[in-house]
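Peer 1: In case you want the letters, here they are:
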Amino acid sequence: MDFLTQSIIEAFRMIWSLDPEMYFIVYVSLYVSFFSTIIASILGVPLGFLIAVKQFRGKRAVITILNTMLALPTVVIGLLVYAFLSRRGMLGHLGLLYTPKAIIIGQVILILPWVATFTMAAVSRIDERYRRTALTLGANALQAALAVAREARFGILAAIIAAFGRVIAEIGIAMMLGGNIKGFTRTMTTAMALEHNKGEFVLAVALGIVLLAVSLIMNVALQLVQGKYGDNR
Amino acid sequence: MRKIVSIVIGAALVLAALPALAQDKVITMSTTTSTEASGLLDFLLPEFLKDTGITVRVMSKGTGAALKDGMDGNADVVFVHDVAREEQFVAEGYGTKRYYVMYNDFIIVGPESDPAGIKDAPNSAEAMKRIAAAKAPFVSRGDDSGTHSRERQLWEATGLALTDAKSPQDADGWYFSIGQGMGEALIFAEEKEGYVLADRGTYLQYKFGRTQPYDLVVVYEGDDMLKNPYGVIPVNPEKHPHVKFDLADTFAQWLVSERGQQVIADYQLHDQPLFFPDAK
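Chains as they are written, first to last, in my numbering: chain S, 149 to 381; chain P, 153 to 432.
Rather than coming from a laboratory, the hints here were simulated on the basis of the structure.
Remember, predicted model here, so these are calculated numbers, not experimental data.
Ideal Cβ positions, reconstructed from N, Cα and C, are used throughout, including at glycine.
Incorrect hints may appear among the rest.
[What the hints assert, rightly or not] Selected chain S positions facing chain P (Cβ under 7 Å, derived; list incomplete):
| hint | residue |
| --- | --- |
| 1 | Ala231 |
| 2 | Arg235 |
| 3 | Met238 |
| 4 | His241 |
| 5 | Leu244 |
| 6 | Lys249 |
| 7 | Gly327 |
| 8 | Leu342 |
| 9 | Lys346 |
| 10 | Gln374 |
[Said to hold, decoys possible] Which residues of chain P face chain S? A few of them, derived with a C-beta cut under 8 Å, are:
| hint | residue |
| --- | --- |
| 11 | Ala277 |
| 12 | Asp295 |
| 13 | Phe328 |
| 14 | Glu343 |
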């Protein structure tokens, strides 16, 4: 017990003392998670939206594939992207492996299905009559679509926040594609795994506390968004 | 009725005692990745089991973490390769005695083209110096393992201006401290076409034990600084009364016995002897 309390006290001291190595790790984590979430949102929100409003052949198959991809393990994504980015791989000449960009690519693949399916769910919940009303009121197709998107915005935002929470806590992709390089691609989760391997716990506990704090902030934001969404109904 | 109850209770007691009996002859060993990755333990431990009936459960990690396991009482015996830290471990009372078991050697592997020209370096420090001067990619384990400690000693021997952690600046874009195991470090070096300090066993396993061939070659070897001695230390029962000291000590004694040393000498990896018995 003593061991745990001591680690926690030391960890808070480290957080308080603005230890540069620790904060750089936090920065890398936030950086890759932020950009992977942005890119996944830019691709995933319109995708989810289109699947929800359009009727097309094979729609069910697309939905099934997206739902399956929700369960894709991070190590599978890591392996797959590794095979492409490796020096012997198809995209090896780009030199992307073991850079933050590689982590972002993997993480986008991880959360794109999340953003798309949750957007789809949020948009599907908006009554079809809403769109038709907009059209009869003289809106063109794009304006009608925007009206629906506006109505579903809280659900979409919740999807994006959940996706961010997923990537910031992710380790498989960050380790396999980022390589845990000190001062370059070391994220909170990979640093924690390393500290555990070294048998050192203070930095790991400190990072764990920061990671929990970030998750807490995200969840509070999610709660606020969902609260508003509930009021709107 | 009473008879049935007593039979049931008796049977329950026997069943409860069974796993305890089966557990009696099991010890937990924390060791470095190289003993396991090289395949030595898969060869050695069955022989030990045959001779003594003791099963060894292996946790393989960096030397630092393995010693930490010993300090925390999470293992009964440690089998690692960092003499200075091992002696400190014994001096601080965590272990009873350090037994010399065997040694193998470190090698510097890298691309065949040898961009830093270290092949003909007069010694390992000079080789490291040339890598730093050429700013050729260099992959560091960076995980506080025995190999990482040795790498730091090599950097120190170069006399270059080093950071607090006794390794070159990390942000220069050529020195990659990746904080991962030997296998990952070798793959990393392969990808970056860089150099890495490796133990010979893991290198051979990765070079010849893979379905896909592998470009890295041994570019520098055979210097006293690259000798890699392994030691075994039973955890001190005075610190942690629950450790199975007798069984752990039996294991250590067996390793340094004529029989154990012979088994170590007999082990070959891809037709090369890998560990050389060293009991004193």
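Peer 1: Would you mind marking each hint as holding or not holding in the structure?
Peer 2: Cross-check of the supplied hints:
no. : hint   : in the structure
1   : Ala231 : 11 Å, violated
2   : Arg235 : 5 Å, holds
3   : Met238 : 15 Å, violated
4   : His241 : 12 Å, violated
5   : Leu244 : 11 Å, violated
6   : Lys249 : 15 Å, violated
7   : Gly327 : 5 Å, holds
8   : Leu342 : 4 Å, holds
9   : Lys346 : 4 Å, holds
10  : Gln374 : 38 Å, violated
11  : Ala277 : 23 Å, violated
12  : Asp295 : 6 Å, holds
13  : Phe328 : 5 Å, holds
14  : Glu343 : 5 Å, holds
Comparing the model with each earlier hint shows violations of hints 1, 3, 4, 5, 6, 10, 11; every other hint is respected.
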